[in-house]
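Undergrad: Sequence:
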Amino acid sequence: MQNKITELFKIKYPIIQAGMVWVSGYKLAAAVSNAGGLGLIGAGSMYPDVLREHIQKCKKATNKPFGVNIPLFYPDMDEILKIIIEEQVKIVFTSAGNPKLYTTFFKANGIKVVHVVSSVKFALKSQEAGVDAIVAEGFEAGGHNGREESTTLTLIPMVKEQIHIPLIAAGGIATGRGMLAAMVLGADGVQIGSRFVASEESSAHQNFKDIVVATQDGGTDLVLKEITPVRLIKNKFYDQLQALYQQHPSTEQLKNLLGRARAKKGMFEGDMDEGELEIGQIAGLIHKIMPAQDIVNEIVASFESAKNDLKNMNF
Numbered sequence: 000m001q002n003k004i005t006e007l008f009k010i011k012y013p014i015i016q017a018g019m020v021w022v023s024g025y026k027l028a029a030a031v032s033n034a035g036g037l038g039l040i041g042a043g044s045m046y047p048d049v050l051r052e053h054i055q056k057c058k059k060a061t062n063k064p065f066g067v068n069i070p071l072f073y074p075d076m077d078e079i080l081k082i083i084i085e086e087q088v089k090i091v092f093t094s095a096g097n098p099k100l101y102t103t104f105f106k107a108n109g110i111k112v113v114h115v116v117s118s119v120k121f122a123l124k125s126q127e128a129g130v131d132a133i134v135a136e137g138f139e140a141g142g143h144n145g146r147e148e149s150t151t152l153t154l155i156p157m158v159k160e161q162i163h164i165p166l167i168a169a170g171g172i173a174t175g176r177g178m179l180a181a182m183v184l185g186a187d188g189v190q191i192g193s194r195f196v197a198s199e200e201s202s203a204h205q206n207f208k209d210i211v212v213a214t215q216d217g218g219t220d221l222v223l224k225e226i227t228p229v230r231l232i233k234n235k236f237y238d239q240l241q242a243l244y245q246q247h248p249s250t251e252q253l254k255n256l257l258g259r260a261r262a263k264k265g266m267f268e269g270d271m272d273e274g275e276l277e278i279g280q281i282a283g284l285i286h287k288i289m290p291a292q293d294i295v296n297e298i299v300a301s302f303e304s305a306k307n308d309l310k311n312m313n314f
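For the sequence shown, numbering that gives the first Met the number 0 begins at 0 and goes up steadily by one.
Warning: the hint list may mix true and false statements.
Pairs of lysine-lysine, DSS-like flavour, derived with a Cα cap of 30 Å [what the hints assert, rightly or not]:
1) K233 to K254
2) K111 to K99
3) K254 to K120
4) K81 to K59
Treat the hints as calculated values from the structure; they're not laboratory data.
The task is simple: from the sequences and hints, build the whole structure.
TA: Written out as structure tokens, the structure is:
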């Protein structure tokens, strides 16, 4: 399964595990890389010293390529940049900010750079900034999304039409069939988050993994667009948020309800009532917690099966 993405990252399959907050520690990243994909450590929920520790442990757990995902609004960026260079990280995915800020710096230090976008506009800005590839993420995704609410089905071909660098599809992809669909639309690879939340190596709390598996169609909603759009599982906190929306709240009122560390409370500490539970719409298709190796194997087998089914179709 060799193409632009496998060549760029020196991996077996064009499958990238998203660097998710409170979920993507070194155990998950190493497991996905060992399985032939590209594992990412999610720096967004780590203090600098914790990130360094995870990078060092990941090096010991795999001899395959892995990377780090860095939200560009991170408050300790100077320290993060220092760690990335000192630990000789070779692949960085950036998100939630302007790719022009650090792309030149990373590239000057021999680092492959990928930026996550939610629109054609920002895909073009990323290409102009000199990134090596782009992740175009539809609003089906969990975590922080774009305000445009462009679906993966529409976003991928629109971005593909405008850029000339490798394109990675994200949002609503958890199976090999979804991967094949994204690649037919023009993607060179896929970034998968939600499916790896429900993996044995994920650092998410067991309560969160269990509720992801239990979530069905319609069990999530994209909210908090006034602050940073995020897709959440509908729980007690979500109900409180909807009640506040009925009062036409100010941004400040929404921030007050959200408070601090609510995602940590839910996803990492296991509070399924008051926590912020970030997951994609594809959770309705996730039915089992599995080792990351088995998840990658299942995606690849499903991909190949879907390709064979297409060959046998009569149009």
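Undergrad: Please go over all the hints and tell whether each is borne out by the structure.
TA: Verification of the hints:
Between K233 and K254 the CA atoms are separated by roughly 18 Å; this keeps the pair inside 30 Å, and the hint holds. Annotation: proposed proximity of K111 to K99 holds, straight-line Cα distance about 14 Å (limit 30 Å). For the given pair, K254 sits about 28 Å from K120 by alpha-carbon distance, which is consistent with the 30 Å threshold. The straight-line distance between the Cα atoms of K81 and K59 is roughly 20 Å, inside the 30 Å bound, and the hint therefore holds.
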